[in-house]
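S.K.: Sequence:
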Amino acid sequence: MSKLLEKRLNACAKFDDNKYYTEFQSYYNIVAQVHSVVLTVRNVYVLRVWRGSSFGPKHLKERREAQMCHIDKEMFGSYIVPPDIQVMRIIERFGKSDLIEIVVYDDHIETVKKLKSLDFVAIKNVHAYVKGDNLTMTLHGENGGKHDRGIWVVPENSVNLNFQRMKTQCAEWLLIVQSDPNEYREFGISDSDESNSDVTLIQKDLDENQIAKACNKIVIGDHISVDYFQQSSKCNYHFLTHAHSEHCRGINAKFPHKVYCSKETAKILNLIVGEPLPEDTIQPLDLNIPYKFENFQVTAIDANHCPGAVMFVFQGPLIDEIAGGPILCTGDFRAEASYMRQFENEKLGWVKDISFARIYLDNTYFSVDVAFTSREISEQLLQKEIMNHPDADIVLPLHQLGQERIIENLSYRIYEPIFVYPEKLAIGKVLGFFYEYGIANQKRQIQVVEKREWTMPDALGKPIIVIEVTQVDHLYGGVSESDPNIRVPYSDHSSREEILKFLECFQFNEIYPTSKSYSKAEFKTMMQAGKTFTEKNLEKQLELHSFVEKTPEIRIPGRFHRSDYPEGEWRDDQEEYMVGDLDEWEEGPPETVPEPMNMG
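Here the sequence shown is numbered in full-length UniProt numbering, starting from 1 and rising by one per residue.
Hints in this document: simulated from the structure, not taken from any laboratory.
Please read all numbers here as calculations on a predicted model, not as lab measurements.
Positions of the beta carbon are idealized from the N, C-alpha and C atoms, including for glycine.
One thing to keep in mind: the hints can contain errors.
Derived Cβ-Cβ restraints for the label pairs, each shown as a range [to be verified]:
no. : residue 1 : residue 2 : range
1   : 532       : 274       : 41 to 49 Å
2   : 249       : 548       : 25 to 33 Å
3   : 537       : 274       : 42 to 50 Å
DSS-like cross-link-like pairs, simulated, lysine-lysine; straight-line CA separation at most 25 Å [to be verified]:
no. : residue 1 : residue 2
4   : 524       : 550
5   : 520       : 531
6   : 114       : 501
7   : 7         : 114
8   : 429       : 451
9   : 217       : 292
10  : 384       : 7
11  : 14        : 3
12  : 384       : 443
13  : 443       : 462
14  : 292       : 263
15  : 536       : 352
16  : 540       : 352
17  : 263       : 217
18  : 267       : 429
19  : 3         : 384
20  : 267       : 451
21  : 536       : 520
22  : 292       : 234
23  : 501       : 116
24  : 96        : 73
25  : 451       : 384
26  : 501       : 531
27  : 96        : 14
28  : 73        : 116
29  : 352       : 292
30  : 114       : 3
31  : 234       : 217
32  : 501       : 524
33  : 352       : 531
The task is simple: from the sequences and hints, build the whole structure.
M.R.: This is the structure in structure tokens:
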């Protein structure tokens, strides 16, 4: 982002939802998300935006709604930029008090024609005035000029904290209506009318109601298992992608087989499973080096998830016999831009040259079409939040494994020690992380606590600020307005866009999503991303993945639901909101759906 755009964003991001800027003739700046662009019957161009909240303070809502001029059916001509179905749903459901409509003139018309629904824009010098009983907002004059008036698209990875908060607010509300089965038609346009209008709406794909269960127990032929450990297993080789507990289930002192994993995972596995493991059980593998076994070889490559997380590339005669060619097991991974650059150089360029018969793919957040903040920017946002509270104790609830680097970097940059609970501290020390740079701050303490067990003390001697470093709350809109915790977006899994860019690098015939149930529409999108995609192969793969009709789910605004979560991450205290979904099946789907687990 250029320095000039950053300066413009900083000015626009100061917009305050609780100020009523139009009490008098005024100019104001704003940053918002695009709903649509409309051309009225009188050939007036109108940019429509929203911020995930009503315009102005709540106590003036009735007067504001009575005054604000909104396009109605009689005024509407056609869409220049049609609304995304989710943003249209949210406005239709909660009312147009969330919608800000700005009439644009002159050079700004060409600018808005190039926008897309859901773009984030900074808008400078909007003219708001009341004429008679109507409140109108306009943007006129040249783009830029001495008043620097104009509209600019804002990169979603901007580090401006106010922008990130507004972006998160919009994402939370959009997720509420993601599964809304109702079809909305703005301005009363019916299906029969659409053929005679310029309206282009994103329709709900019927394939979204057809879903299949994730392949979360990977067994390749009768020989190899990945992240699946049973004492009665007849497989000769067992591979572990990383040490998060849901992937390690079954590994204990009595497990009778060797477990192959990365060197980092091997160092901490005893601590994760909670007991010493026999020395010959854990077999560490170096990264990027092929290891030969009987009739096949495996290469572990970095997965950019948590410390020690790897992908496995399986090749050789045995793999060809079972699958028809090489297999890639991604495990959990984050394919952000910095990681993907490895596939462009000598280090991992060879992986792109492989024609994979099959990819077992982490699809944790594929159903959510939301851009993720890079982990580097997440670190910066966390640091800013902490520096904003110099006199309060800071609490960071984190799981036993993960986000070690962000804690170490935080301690180094603010030059303060961070106190980490014993189990996580022990893992960090084994992995070589250090959390106690600098000297103790006499005004406050920063501590990392166990995410599942920590609760706020009843009696507080001084203010405590809880900062949750997580992606989930930024996606699924499950946070109460009264919840005082600060949330910083952070993910060790890939976004939908990142998964698709990852798949675009490879040649493959088959995909088996491993983390969460997936729709037929999602599966088609994954397959179409491949370098060697053909419609003929897609039809063949659709037959292998038996899809069933999705059970309708009662959606409660502002609440989490079971189908929102990757399999194995549903919280028991949310159970009252759970209704039928494939993720409920404990022992696999009904008999009518073949189990996609043993692929041999």
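S.K.: Could you run down the list of hints and mark each one as holding or not?
M.R.: Status of the hints after comparison with the structure:
Checked against the given bound of 41 to 49 Å, the beta carbons of residue 532 and residue 274, roughly 45 Å apart, stay inside it. The hinted window of 25 to 33 Å between residue 249 and residue 548 holds, with their beta carbons roughly 26 Å apart. For the hinted restraint 42 to 50 Å between residue 537 and residue 274, the CB-CB distance of approximately 45 Å keeps it satisfied. Straight-line distance between C-alpha atoms of residue 524 and residue 550 comes to about 17 Å, which keeps the hinted pair within the 25 Å bound.
Straight-line distance between C-alpha atoms of residue 520 and residue 531 comes to about 20 Å, which keeps the hinted pair within the 25 Å bound. Of the supplied pair hints, the one linking residue 114 and residue 501 holds, its CA atoms being roughly 24 Å apart against a limit of 25 Å. For a cut-off of 25 Å, the pair hint linking residue 7 to residue 114 stands: about 22 Å separates their Cα positions. Between the alpha carbons of residue 429 and residue 451 the distance comes to roughly 19 Å, so the proposed pair stays at or under 25 Å and holds.
Between residue 217 and residue 292 the CA atoms are separated by roughly 24 Å; this keeps the pair inside 25 Å, and the hint holds. Between residue 384 and residue 7, the direct Cα distance comes to roughly 18 Å. Compliance with the 25 Å bound is thereby established for this hinted pair. Note on residue 14 and residue 3: the hinted pairing holds, with a Cα-Cα distance of about 17 Å set against a maximum of 25 Å. With a CA separation close to 17 Å, the supplied pair residue 384 and residue 443 stays within the 25 Å bound.
Of the pairs offered as hints, the one joining residue 443 and residue 462 holds, with about 10 Å between alpha carbons and a cut-off of 25 Å not exceeded. A C-alpha spacing of about 17 Å is found between residue 292 and residue 263, which places the hinted pair at or below 25 Å, so the restraint holds. Of the supplied pair hints, the one linking residue 536 and residue 352 holds, its CA atoms being roughly 23 Å apart against a limit of 25 Å. A distance of roughly 24 Å separates the Cα atoms of residue 540 and residue 352; the hinted pair therefore holds under the 25 Å criterion.
Annotation: proposed proximity of residue 263 to residue 217 holds, straight-line Cα distance about 23 Å (limit 25 Å). Simply put, residue 267 and residue 429 have alpha-carbon atoms about 11 Å apart, close enough for the 25 Å limit, and the pair holds. For the proposed pair residue 3 and residue 384, the alpha carbon gap of about 20 Å is at most 25 Å, so the pair holds. Restraint check for residue 267 and residue 451: the C-alpha separation of about 23 Å stays at or below 25 Å, so the hint holds.
This hinted pair checks out: residue 536 and residue 520 have alpha carbons roughly 16 Å apart, not beyond 25 Å. Restraint check for residue 292 and residue 234: the C-alpha separation of about 20 Å stays at or below 25 Å, so the hint holds. Note on residue 501 and residue 116: the hinted pairing holds, with a Cα-Cα distance of about 20 Å set against a maximum of 25 Å. Between residue 96 and residue 73 the alpha-carbon distance is near 14 Å, which keeps this suggested pair within the 25 Å criterion.
Between the alpha carbons of residue 451 and residue 384 the distance comes to roughly 22 Å, so the proposed pair stays at or under 25 Å and holds. Using a Cα cut-off of 25 Å, the hinted pair residue 501 and residue 531 holds, with the two alpha carbons roughly 11 Å apart. Of the pairs offered as hints, the one joining residue 96 and residue 14 holds, with about 23 Å between alpha carbons and a cut-off of 25 Å not exceeded. With a C-alpha separation of about 22 Å, the suggested pair residue 73 and residue 116 falls inside the 25 Å cut-off, and the hint holds.
Between residue 352 and residue 292, the direct Cα distance comes to roughly 21 Å. Compliance with the 25 Å bound is thereby established for this hinted pair. Between residue 114 and residue 3 the CA atoms are separated by roughly 22 Å; this keeps the pair inside 25 Å, and the hint holds. For the suggested pair residue 234 and residue 217, the alpha carbons sit about 14 Å apart, so the restraint of at most 25 Å is met. With a C-alpha separation of about 15 Å, the suggested pair residue 501 and residue 524 falls inside the 25 Å cut-off, and the hint holds.
Distance check on the hinted pair: residue 352 and residue 531 sit about 10 Å apart at the alpha-carbon level, within 25 Å; holds.
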